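K.L.:
Each chain, written out:
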Amino acid sequence: MQFEKSRNRRSILAGLGVAAVGLSFTTVGCSEKSSTGIGGEENKLNFYNWDTYIGETTLADFAKASGVQVNMSLFATNDEMFAKLKAGNPGFDVVVPSNEFVERMAKADMLIPLDHAKIPNKKNIAPEFLDPDYDPGRRYSMPYTWLVVGIGYRKSKVNTTPDSWKWVYDSDLYKGRIAMMSESADLIRLGARYLGKSMIGLDQASIDQVRDMLIRQKPNIKTFHEDNGQDLLLAGDVDLVMEYNGDIAQVMQEDADLAFVIPKEGGLINSDTLVIPKGAPRVDNAHKFINFLLDAEVGKHISETILYPTPNAAAKALMPASYRDNPVIFPSGAGMDASQYGRFDGAETQAAFEEAITKMRAA
Amino acid sequence: MAGEAWRQERGTLAATLGPPLFWLVVFFLVPLAVVWGYSFGENVGLTDIRISGTFANYARALEPLYLGIMAKSIGMAALTTLICLVVGFPVALAITFASDRAKTWLLLLVMLPFWTNLLIRTYALIAVLRTEGYVNWTLEFLWNRLGSIWSLEPFVPLNLLHNNAAVLFGLVYVHLPFMILPLYAALDRLDRSLIEASLDLGAGHFRTMMQIVVPIALPGILSGILITFIPALGAYLTPDLLGGPDSQMIANVIERQFKRANDWPFGAALSFLLLYLTFILIAFQALMQRRQAAQ
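First to last, the sequence lines map onto chains A and B.
Under the numbering used here, think of the first position of the first sequence as 1, with each following residue one higher.
Under the numbering used here, think of the first position of the second sequence as 1001, with each following residue one higher.
Treat the hints with care, since some could be wrong.
[To be verified] Listed below are the simulated DSS-like cross-link pairs for lysine-lysine, each with C-alpha atoms no more than 27 Å apart in a straight line:
hint, chain 1, residue 1, chain 2, residue 2
1, A, 155, A, 218
2, A, 166, A, 264
3, A, 359, A, 123
4, A, 359, B, 1103
5, A, 359, B, 1072
6, A, 123, A, 155
7, A, 64, A, 197
8, A, 218, A, 278
9, A, 264, A, 86
10, A, 278, A, 84
11, A, 175, B, 1072
12, A, 218, B, 1072
13, A, 123, A, 64
14, A, 64, A, 86
15, A, 155, A, 264
16, A, 122, A, 316
17, A, 278, A, 107
18, A, 118, A, 264
19, A, 197, A, 107
20, B, 1259, A, 84
21, B, 1072, A, 86
22, A, 84, A, 107
23, A, 107, B, 1259
24, B, 1103, A, 218
25, A, 278, A, 264
26, A, 278, B, 1072
27, A, 123, A, 278
Quick caveat, the hints were computed from the structure, so don't treat them as lab data.
Remember, predicted model here, so these are calculated numbers, not experimental data.
Using the sequences and the accompanying hints, generate a full structural model.
P.N.:
Take a look at the structure:
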């Protein structure tokens, strides 16, 4: 089955509650004696990451370079990671939340500010990623990858390039061949974007307006997918799918009839980042590790494995043209220019998104 | 007396009962009590819950929106249970009439699906039902064979996945063993001579079934219904993966409260409503059994 092949951090585990147990390679936070390195910290590190989201030899390379052994545990969704850390850090030193969760965790005082002096490889990061709205001045986070939500489609089954959100939100042309994301915030905000609103700071009236549009559109939608949209597209279950560019790029390698477009109204940009959570037992090692991941060669190796867009300019320069110039991995044009980062607008807004989608699904 | 021997051996009793009791209290009752406490709480900031004794979560859970989803879930679970009963009863009966050797194998076959994780089995169902899945593939093959004899319209794949029927199919598929096993246990204890007597005295097969077998097996039937209905009511993986835009069930809503919505108190209230409902059903079953025992 396709989902075994894809190298995707979101496809297999994501959204599937069964997998939400959080696989762990080694016991996290165990206090066995081990040799201490410079700075008095023991030579280990607990890394909490998405599945298949690191280079094949990256952890071993870090152990060779620094003597620090990395234990990696996996999570499938930001919510799962947040739920685990919200009850108190069980011993993780470095975590990989998406941008909106960086905001959320910073607001909840769950992050340690980074010491930029200990991360000289920050210089490798492309300038446009150095001062994002979700983390001004990169106080808490370093960018690891980025993604953008657009429309993946089957070329032979569409009349024209579906370069507007209209085709999935507000049209019966592709009735029964559309899969939308089930993520409430993304669904509402991109709908608002189609209606010409900002994705940030939506009020209840706008949320209701998008909800009503989705209720009208529901008979045309085949399913709300659990981040496995690329599998639905590849298997021919649907012909248009709202999905991340990295996910579609992977299935495009298997099927030349697939393509990806960012609608002209703009997509939603997402960035996964490296942070140090409050209560991390080995802050020094954590800085060392983050610095290591931002190295050009290391970043190149990671990108080769996971094929996601990298914000690391030095690593990107080392990659082959098939990656650097891939219009799906690195989209450009009007749609990309109109794309925005999402913002965490507080618990009330999130609850309003959630209730609107529950209502829409029940309607 | 055996009872007195037990009373004298307090130590043995404590040693036998102690560990499971400890397990039950520490890993089941205490966490459950914590979640029960949450259901009377409210969110403070992004990470904390204050248990303030509010009933606001229950009030919200009883809004028409959530009651409607609850009713729909009960309907789906009831339909699942009914289909499982109709399909499972003959299967269970057939197993009781099989030879001892065959019985073992047949029961093993019933339990075989449990050896595979539910998630994997659900993905297998997706592969079977999807537009270019095995069912449609087979149908298309047959259609084209026929098409080479008569001229037919081109084959249009059936929509088997991503709708409520697919969810129902998945739920029945998953829960059928839960129905067959208690039914089998009840039917296997049945005194065969009663069936023979009924048939000898002139009752037909159907009448014998309805007036002799079903009343005697009623406790087993009730257990089967309960043990199928309760997990079906709480299913969320199946509607998530096999369902379409309309297939949301109450457990999906609860899951979202604990994850995306980050509203544990409301999620706790919804899950406890489900739990209260389960308690009522179990109490009802106990009542029925007591009444039957009294007869």
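K.L.:
Each hint: holds or not?
P.N.:
Cross-check of the supplied hints:
1. Annotation: proposed proximity of residue 155 of chain A to residue 218 of chain A holds, straight-line Cα distance about 23 Å (limit 27 Å).
2. For the proposed pair residue 166 of chain A and residue 264 of chain A, the alpha carbon gap of about 10 Å is at most 27 Å, so the pair holds.
3. Simply put, residue 359 of chain A and residue 123 of chain A have alpha-carbon atoms about 47 Å apart, too far for the 27 Å limit, and the pair is violated.
4. Distance hint between residue 359 of chain A and residue 1103 of chain B is unfulfilled; the C-alpha atoms sit about 48 Å from each other, more than 27 Å.
5. In summary, the hint linking residue 359 of chain A to residue 1072 of chain B is supported, as the alpha carbons are separated by about 13 Å, within the 27 Å threshold.
6. For the hint linking residue 123 of chain A to residue 155 of chain A, the alpha-carbon distance of about 40 Å lies beyond 27 Å, and the restraint is violated.
7. Our distance criterion of 27 Å between C-alpha atoms is broken by residue 64 of chain A and residue 197 of chain A, whose separation comes to about 51 Å.
8. Only pairs whose Cα atoms come within 27 Å are accepted, and residue 218 of chain A paired with residue 278 of chain A is rejected, the gap being roughly 43 Å.
9. For a cut-off of 27 Å, the pair hint linking residue 264 of chain A to residue 86 of chain A is broken: about 38 Å separates their Cα positions.
10. About 13 Å separates the Cα atoms of residue 278 of chain A and residue 84 of chain A, which keeps this hinted pair within 27 Å; it holds.
11. The straight-line distance between the Cα atoms of residue 175 of chain A and residue 1072 of chain B is roughly 25 Å, inside the 27 Å bound, and the hint therefore holds.
12. For the hint linking residue 218 of chain A to residue 1072 of chain B, the alpha-carbon distance of about 18 Å falls within 27 Å, and the restraint holds.
13. Proximity of residue 123 of chain A to residue 64 of chain A is assessed by CA-CA distance (about 23 Å); at most 27 Å being required, the pair is judged to hold.
14. This hinted pair does not check out: residue 64 of chain A and residue 86 of chain A have alpha carbons roughly 33 Å apart, beyond 27 Å.
15. For the proposed pair residue 155 of chain A and residue 264 of chain A, the alpha carbon gap of about 18 Å is at most 27 Å, so the pair holds.
16. Taking the CA atoms of residue 122 of chain A and residue 316 of chain A, the gap is about 14 Å. The hint holds against a cut of 27 Å.
17. Between residue 278 of chain A and residue 107 of chain A, the direct Cα distance comes to roughly 12 Å. Compliance with the 27 Å bound is thereby established for this hinted pair.
18. Between residue 118 of chain A and residue 264 of chain A the alpha-carbon distance is near 41 Å, which puts this suggested pair outside the 27 Å criterion.
19. With a C-alpha separation of about 26 Å, the suggested pairing of residue 197 of chain A with residue 107 of chain A holds against the 27 Å cut-off.
20. For a cut-off of 27 Å, the pair hint linking residue 1259 of chain B to residue 84 of chain A stands: about 10 Å separates their Cα positions.
21. This hinted pair does not check out: residue 1072 of chain B and residue 86 of chain A have alpha carbons roughly 33 Å apart, beyond 27 Å.
22. Distance check on the hinted pair: residue 84 of chain A and residue 107 of chain A sit about 17 Å apart at the alpha-carbon level, within 27 Å; holds.
23. Distance check on the hinted pair: residue 107 of chain A and residue 1259 of chain B sit about 18 Å apart at the alpha-carbon level, within 27 Å; holds.
24. Distance hint between residue 1103 of chain B and residue 218 of chain A is unfulfilled; the C-alpha atoms sit about 48 Å from each other, more than 27 Å.
25. Between residue 278 of chain A and residue 264 of chain A the CA atoms are separated by roughly 40 Å; this puts the pair beyond 27 Å, and the hint is violated.
26. Taken as a hint, the residue 278 of chain A and residue 1072 of chain B pair is broken in the structure, with Cα atoms around 43 Å apart against an allowance of 27 Å.
27. Using a Cα cut-off of 27 Å, the hinted pair residue 123 of chain A and residue 278 of chain A holds, with the two alpha carbons roughly 25 Å apart.
Hints 3, 4, 6, 7, 8, 9, 14, 18, 21, 24, 25 and 26 from the list above are not met by this structure, while the remaining hints are.
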